[in-house]
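Heads up: the sequence lines are chains D and Y, in that order. Just so you know, this note's numbering puts 70 at position 70 of the first sequence, and the rest follows in order with no gaps. Just so you know, this note's numbering puts 1 at position 1 of the second sequence, and the rest follows in order with no gaps.
Please note that the accuracy of each hint is not assured.
[Claimed, not checked] Partner residues are not named here, just some residues of chain D that face chain Y (Cβ under 7 Å, in silico):
| id | residue |
| --- | --- |
| 1 | 31 |
| 2 | 41 |
| 3 | 42 |
| 4 | 43 |
| 5 | 48 |
| 6 | 92 |
| 7 | 97 |
| 8 | 98 |
| 9 | 101 |
| 10 | 103 |
| 11 | 104 |
[To be verified] Below, a list of computed lysine-lysine pairs in the DSBU-like style, where the Cα atoms sit at most 30 Å apart:
| id | chain 1 | residue 1 | chain 2 | residue 2 |
| --- | --- | --- | --- | --- |
| 12 | D | 98 | D | 57 |
| 13 | D | 57 | D | 110 |
| 14 | D | 98 | D | 59 |
| 15 | Y | 57 | D | 70 |
| 16 | D | 56 | D | 98 |
| 17 | Y | 57 | D | 98 |
In short, the hints are calculated from the structure, not lab data. C-beta: ideal position from N, C-alpha, C; glycine also.
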Amino acid sequence: TQLLEQSPQFLSIQEGENLTVYCNSSSVFSSLQWYRQEPGEGPVLLVTVVTGGEVKKLKRLTFQFGDARKDSSLHITAAQPGDTGLYLCAGYRNQGGKLIFGQGTELSVKP
Amino acid sequence: KAGVTQTPRYLIKTRGQQVTLSCSPISGHRSVSWYQQTPGQGLQFLFEYFSETQRNKGNFPGRFSGRQFSNSRSEMNVSTLELGDSALYLCASSLRVPAIEQYFGPGTRLTVT
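Generate coordinates for the entire structure from the input sequences, incorporating the hints supplied.
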């Protein structure tokens, strides 16, 4: 059983389109992170959200943490080919004391 | 500041052999975590070290072990390799514990034949 469920698993869109990736759980997390990973490289931390309802923007990327701190979303506006990669959400629970990763969303943005 | 470095980047081993992977964290980071990444299972937590002590351990068999040195560098060892151990092994460092924000190295791609 995956503690963090990401959807969709795969997404192929055209340059300029908008998209949203979801990260859901039945558990509460004290914080949630989003990472982006390119082939042959390790994940790169994009953002950390810690407060329920929090919204953070990073250029064309908007991250939201659910009010109940059980879910999160990543919205990309006007996607570009450079956004292509594997997007991973990761949640930290005080119980257990470790980061738990979702399965990832493979995004492909075609020119 | 240099990022997390992992050596070697690529490794091919035979079933039954053992392997040691190395990780140097970002300077000043004292927490090091190890993950196994496979297409089917995604990123799975192996263990975390802080100040040379294992803080946390994932659900992997005892063939997987690790250690951390006084300079925060870490090694992980896999003994009696199995085909299913083929994966990308990622090391991540964090400035403090709990290791909420982690910075990953490029990984070691291990292929077991």
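Hint by hint, here is what the structure shows:
1. 31: Hint holds; residue 31 (chain D) Cβ to chain Y Cβ min 5 Å, cut 7 Å.
2. 41: Where the cut-off is 7 Å and the nearest Cβ of chain Y is about 5 Å from residue 41 (chain D), the hint holds.
3. 42: holds, 3 Å
4. 43: holds, 5 Å
5. 48: This interface hint holds because 6 Å falls under the 7 Å limit.
6. 92: holds, 5 Å
7. 97: holds, 5 Å
8. 98: Where the cut-off is 7 Å and the nearest Cβ of chain Y is about 5 Å from residue 98 (chain D), the hint holds.
9. 101: Since the shortest Cβ distance to chain Y is 4 Å, the answer is holds.
10. 103: Constraint on residue 103 (chain D) satisfied, holds at 5 Å.
11. 104: At about 6 Å, which falls below the 7 Å cut-off, the nearest Cβ of chain Y leaves the hint on residue 104 (chain D) intact, so it holds.
12. D:98 / D:57: Cα-Cα ~25 Å, so holds.
13. D:57 / D:110: holds, 23 Å
14. D:98 / D:59: Holds, at about 29 Å.
15. Y:57 / D:70: holds, 24 Å
16. D:56 / D:98: Holds, at about 23 Å.
17. Y:57 / D:98: Given that 30 Å is the threshold and the Cα spacing comes to 9 Å, the pair holds.
Hint compliance for this structure: no hint is broken.
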